[in-house]
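I would like the entire structure built from these sequences, with the hints used as guidance.
If you read the first sequence in numbering that gives the first Met the number 0, its first letter stands for residue 0, the second for the next number, and so on.
Read the hints as simulated data drawn from the structure, not as lab findings. Fair warning: there could be bad hints in the mix.
Pair by pair, the computed Cβ-Cβ distance ranges are [claimed, not checked]:
| no. | residue 1 | residue 2 | range |
| --- | --- | --- | --- |
| 1 | V129 | P53 | 25 to 35 Å |
| 2 | V113 | R63 | 36 to 46 Å |
| 3 | G172 | S199 | 16 to 26 Å |
| 4 | R120 | I64 | 34 to 44 Å |
| 5 | E21 | G197 | 19 to 29 Å |
Here a beta-carbon is modelled for each residue, glycine too, at the ideal position from N, C-alpha and C.
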Amino acid sequence: MSSGAIRRTPLPRAFYARPAEEVARDLLGAFLHTRQGGADALGRIVETEAYVGPHDAASHAAERIGRTSRNAAMFGAPGSAYVYRSYGVHWCLNAVTDRADFPAAVLIRAVEPVRGLAAMRARRARGGRVPADRDLARGPGRLTQAFAITGALDGHELVAPPLRILAGAPVPGRDVVVCPRVGISRAVDWPLRFCLRGSSWISRSVPAAGTPRAPER
DNA sequence: GAAACGATTATCT
DNA sequence: GATAATCGTTTCA
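Have a look at this one:
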């Protein structure tokens, strides 16, 4: 069964050939699609984070680290995938941005399930326990499990099956919330996390506006 | 070889 | 909100 979802246009490579923070913002509202094991999964991207280059101390490819076997895909062509294992357990999906040989990427942190929920539930079930729909793809490790994304797709071009990102309706600026990134210990104040305002599908709530930030010194 | 560190999640209270 | 689980990657000896 084909559907409108599958006919959406993949975002072109040129879309990714920009600074990571621009790509991260513009990926909101786009659609993540996989076809794995004969099952389609489709979700609307509602939360992203940018890792902007070697000068970004929170990046896996920060200057002090350089190129390693794990982060090699971050140095690849814009529009390819960087898939890494987190905490030795979870896979996390990034879209590589900017230009080749410059390590920058956008972490996809949460999507709103749109199609293929049955497959997502089956993939996310543990010990017979099926999580609530809200928890199917709320978080970078959860969404890769729901969409059957693994390290086998590291370096995969996101314009081609079985893993693609498809264009969605543009999200106006008033619907984008920007705040600091999650789960990092360096560059903790950089405003590089982008969320769809009011979405109940994001991984963690957004800090209240006006949250006092540590004074610079 | 050994040790430390996670771009997290599940499961408590 | 706090904490344990869990193991690949990286670094250091």
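Hint check:
1. V129 with P53: 25 to 35 Å: Since the Cβ atoms of V129 and P53 sit about 42 Å apart, the hinted range of 25 to 35 Å is violated.
2. V113 with R63: 36 to 46 Å: The hint (36 to 46 Å, Cβ to Cβ) holds, given that V113 and R63 are roughly 40 Å apart.
3. G172 with S199: 16 to 26 Å: holds, 21 Å
4. R120 with I64: 34 to 44 Å: holds, 37 Å
5. E21 with G197: 19 to 29 Å: Taking Cβ atoms as reference, E21 and G197 lie about 22 Å apart, which means the hint holds.
Taken one by one, the earlier hints fail for this structure only at number 1.
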